[in-house]
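Novice: Letter by letter, the chains look like this.
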Amino acid sequence: MGYFALLLGTDIVFGEHMSADYLPLGLQAPDPFELYNKNKEMVLLNDRPLNMEAQAHLLDDDITPESKMFIRNNGLVPENIKPLTWTLTIDGESVRKKKTYTLEELKSKFKHHTYQLTLECGGNGRSEFDPPAKGNQWTIGAVHCAEWTGVRLRDVLEDAGVKNDAVYIGYHAIDEHLSHDPDKEPISRGCPMSKAFQDETLLAFQMNGKDIPLAHGFPLRLVAGGWPASVSGKWINRISIRNKVHDGTKMKGSAYRVPCEPVAPGKKVKDENMCIIESMPVKSLITYPKTGAMLSKGKSLKIRGHAWAGESEVTKMEYSIDFGATWKSCRLSEPANRLAWQHFDAEIRFPKSGYYEIWAKATDAEGTAQPMVLPGWNPKGYLNNACHRIAVKIK
Amino acid sequence: MEPTTQSNEEERARNRIYSLINVVVALAFILSAAVLIALILRPGFFTEQPSSAIAETEPIDRDLIENGIHVRTGLIDAEGLMTVVNNCTNCHSAKLLTQNRMSADRWNETILWMQQTQNLWELGSNQEVIVNYLVTNYPPKKKGRRMILSDIEWYELED
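Chains as they are written, first to last, in the numbering used here: chain A, 1 to 395; chain B, 1 to 159.
Below, simulated DSS-like cross-link-like pairs (lysine-lysine); rule was C-alpha separation at most 30 Å, straight line: (1) LYS250/A to LYS142/B; (2) LYS302/A to LYS395/A; (3) LYS393/A to LYS141/B; (4) LYS142/B to LYS393/A; (5) LYS250/A to LYS270/A; (6) LYS82/A to LYS99/A; (7) LYS143/B to LYS267/A; (8) LYS143/B to LYS380/A; (9) LYS98/A to LYS82/A; (10) LYS393/A to LYS143/B; (11) LYS184/A to LYS244/A; (12) LYS109/A to LYS244/A; (13) LYS143/B to LYS40/A; (14) LYS163/A to LYS111/A; (15) LYS141/B to LYS40/A; (16) LYS141/B to LYS267/A; (17) LYS141/B to LYS290/A; (18) LYS142/B to LYS268/A; (19) LYS270/A to LYS142/B; (20) LYS250/A to LYS141/B; (21) LYS252/A to LYS141/B; (22) LYS267/A to LYS142/B; (23) LYS299/A to LYS352/A; (24) LYS380/A to LYS141/B; (25) LYS252/A to LYS142/B; (26) LYS380/A to LYS268/A; (27) LYS163/A to LYS99/A; (28) LYS380/A to LYS244/A; (29) LYS380/A to LYS250/A; (30) LYS380/A to LYS142/B; (31) LYS143/B to LYS290/A.
So the derived label-pair ranges between C-beta atoms look like this: (32) SER150/B to ASP62/A: 26 to 34 Å; (33) THR315/A to GLY144/B: 29 to 37 Å; (34) ASP91/A to TRP121/B: 30 to 38 Å; (35) ALA325/A to GLU79/B: 46 to 54 Å; (36) GLY144/B to GLU261/A: 22 to 30 Å; (37) GLY253/A to THR136/B: 24 to 32 Å; (38) LYS142/B to PRO192/A: 36 to 44 Å; (39) ILE148/B to LYS163/A: 54 to 62 Å.
If you are wondering where the hints come from, they were derived from the structure by calculation, not from laboratory data. Every residue gets a Cβ at the ideal spot worked out from N, C-alpha and C, and that includes glycine.
Using the sequences and the hints, build the whole thing.
Specialist: Here you go:
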């Protein structure tokens, strides 16, 4: 009892009535929904490490609010972050001169830019693969498009100086490994220089006009839209300019890599035959109505949602109410900027009463469309961009 | 209607109202007396947090099983449960186990990966107990190339 009192920093009144194996509320894991301002309809996949996804209908906003953004953590959410003393160091084999910036220096020295950027977890849709793929069983909700404000990574890298032999950047962050081993990084990924140098690749310090929420990378996050969201490292304090492909945690083996050549479901693939995922594939979500809508015969149904295509852009959006036999066009908006998701809507009339599924199919600028069934199997179940389906009944 | 009956009824109604007022006044008196007594006995009665609430909350029994489920972890109560709890829920929660449906071979590979890279200790003879528990209680499900839509919550769509 005295031990608990010490931990809580206060005496426990009536503590003598407390059962010996009872853990006081103040010492139990706090509710992640409250702690991270999440909508109660978000789905908790794992509480340690914390992983939480949205449902399709929660993602109806054009710009995703904090409360409906998925959380994907590999390690533990850091505590006691001090933004005033926070620094970012640029180092690595290919930096001209190792340089350290305070957060204030980053903000005052470099021009600010704001972009809406689509971030989708590489494993979004993993739950559908057969044989099952290892990892958090994301369904469809590990995607969001928020508005990020920060400085261009390119501007900072060029300020420190980039040698001609630079190949890749790798990020490092302060989050703790699940085993609490200080020598282990939960995740340290990155991207080739070409992606690092894009206009839209940011070192962001704001999300949706405010400081970035803790669970999403406060006070500094690398944001690389259109690529697996694991490239967009949270709680960043160091970026290494590498003269080779970055070899940090989750850059090797089957992590964020897929077979370079297609394989049969369940096949074992050697490490040397796995390739790093770069752009995410074309995909879309019907965000209104929520699946399960019942309406009376003769009424039309207005649907809407978002579509995105990794590095590319969506050029065509279609829906089907007959299991893909025929397709009709949706109205499709231009992206707010490159790498932002686009919005679509359509008005549907149903020929007779009964059970329908509405399927949504986006096509990108290269003419590549979403598949109706699962795309190629891979050991970790990445890149499932099979068409989104909702169920509707006409009475 | 006769005037006498009417005045009788009015009188009865007045009496009912008077007795109601009496009850309300009496209740108010008792309540304020209770507040006074409470404040005299414990001056912070209404401002202090009810710290006794901690002791009144349902305690978490670390080994409690309800409806065949180990309450603390959500794992199915079956042979090998506590071996799994003690070896597999220290770094990550049990949700990572129950989400994943793998064969014995792939669990063994995963254990090896955790030992080589994630600081998992040698499991010895417990490894077989753990893998048997997982493949028995959380077997892989056949999903094919695309599942039918299920678990739909039907609702009337308002305009």
